[in-house]
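Participant: Chains as they are written, first to last, in the numbering used here: chain A, 1 to 106; chain P, 1001 to 1227.
In case anyone wonders, no lab produced these hints; they're calculated from the structure.
None of the values given here were measured: they were computed from a predicted structure.
Among the hints, a few may not be true.
[To be verified] On the chain P side, residues computed to face chain A include the following (Cβ under 7 Å):
hint, residue
1, 1011
2, 1048
3, 1075
4, 1206
5, 1209
We treat Cβ as the ideally placed atom computed from N, Cα and C, and that holds for glycine.
The lines below spell out each chain.
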Amino acid sequence: MSGIEIYIAIAIMAVVNFFTRVFPFLFFRKNELPSYVVFIEKFFPAVIMTILIVYSVKDVNFSLVPYGLKEIGGITFTAVLHIVFKNYLVSIFSGTIFYMALVQYL
Amino acid sequence: MKYEKEIKTAFKVSIPVMMGYAVLGFAFGLLLVSFDYPWYLAPIMSLFIYAGALQFVAINFFNAKAGFVDIAIATWFINIRQSFYGLSLLKRFKKTGKLKPYLIFGLTDETYALLTTIKDDEQLKKRWYYFFLTAFNQSYWFVGCTLGAIIGSNIKFNTAGLEFSLTALFVVLCIEQYKNLQNAMPFIVGALASLFSLIFIPSDKMLIVSIVIALILMFTFRRKIEQ
Chain A
1 MSGIEIYIAI AIMAVVNFFT RVFPFLFFRK NELPSYVVFI EKFFPAVIMT
51 ILIVYSVKDV NFSLVPYGLK EIGGITFTAV LHIVFKNYLV SIFSGTIFYM
101 ALVQYL
Chain P
1001 MKYEKEIKTA FKVSIPVMMG YAVLGFAFGL LLVSFDYPWY LAPIMSLFIY
1051 AGALQFVAIN FFNAKAGFVD IAIATWFINI RQSFYGLSLL KRFKKTGKLK
1101 PYLIFGLTDE TYALLTTIKD DEQLKKRWYY FFLTAFNQSY WFVGCTLGAI
1151 IGSNIKFNTA GLEFSLTALF VVLCIEQYKN LQNAMPFIVG ALASLFSLIF
1201 IPSDKMLIVS IVIALILMFT FRRKIEQ
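So that you can see chain A by itself, here it is in the shape it has in the complex (with noise of 0.2 Å):
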């Protein structure tokens, strides 16, 4: 992107992730929920949340050697070290580390 498209998509982002946080503030004053609002509300960010993490390696070229082990590696660490010590920013920072280390020594 050039310049003013980088600021457009700024205020854009900037726009509508305002409204996310506004939203219920506008529509729901009586606190009633309509039934698949509840739903969405539950299961859709599990649901986010994994197509984040293959969209976060989406370029990476699964069918080149080493066939995107090295994300497979880093995203089994984090996911390991977090069930093991529970902790955010243990787990981000040593995957984090542990992913660059593979990818800047192999």
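Let chain A serve as the given structure and place chain P on it in line with the hints.
Facilitator: Using the frame of chain A, we list chain P on its own:
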């Protein structure tokens, strides 16, 4: 000092967030300038967008020259979970007056978690306590992003692989989601939808297509999922 008690309590409560936001913000700043974008985009984005995952994904949007409509729709879905935070805060925010727009703007995952988890202290002026807590959190994010971008554009790090911090963040959030739900279906749906579009859809349309497929699958199997 006016509101001294509110400021002190808000600061104390916000310390864990400081650690997280400073480190993750720093990583964002570094990553942004590693693609040769100007450093001052980091403070601008942390002031006006103020959303962790979205700002990382924004770098992908810039790189991929994504369409504005795609950006709007993807932004909406990436942060749609935040539309539901407000639902449990409708009452709490009722008497916050002129501070309310900022409190809503600053409603990140972590701020929401703190606001809803901390038990009520009757002696605190609630609306100012909420305000300082929100503002402290945003200031950590602002400082982290800005420092990362400035340091990153002056010192050359080998940042290869740094973008994985985003993947790691999503992995961690995914595990936390599973702990809450104890239901594997949404994860299977998300994985199927995104793997399908990873293989068959050009990467600039992948996010939107994944979201649409996942929505269709979720509502098709709604009964099963809710059981």
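Participant: Can you verify the interface hint for residue 1011 of chain P: is its Cβ closer than 7 Å to any Cβ in chain A?
Facilitator: violated, 19 Å
Participant: Closer than 7 Å between Cβ atoms is the bar; does residue 1206 of chain P clear it against chain A? Give me holds or violated.
Facilitator: Result: holds, 6 Å to nearest chain A Cβ.
Participant: So, residue 1209 of chain P near chain A? Judge it on the closest CB pair being under 7 Å.
Facilitator: Violated - the Cβ of residue 1209 of chain P stays beyond 7 Å from chain A, reaching only about 10 Å at its closest.
Participant: Holds or violated: the hint that residue 1075 of chain P contacts chain A, with Cβ atoms closer than 7 Å.
Facilitator: holds, 4 Å
Participant: Holds or violated: is there a CB of chain A closer than 7 Å to the CB of residue 1048 of chain P?
Facilitator: This interface hint holds because 4 Å falls under the 7 Å limit.
The structure fails to meet hints 1, 5 from the earlier list, while all remaining hints are met.
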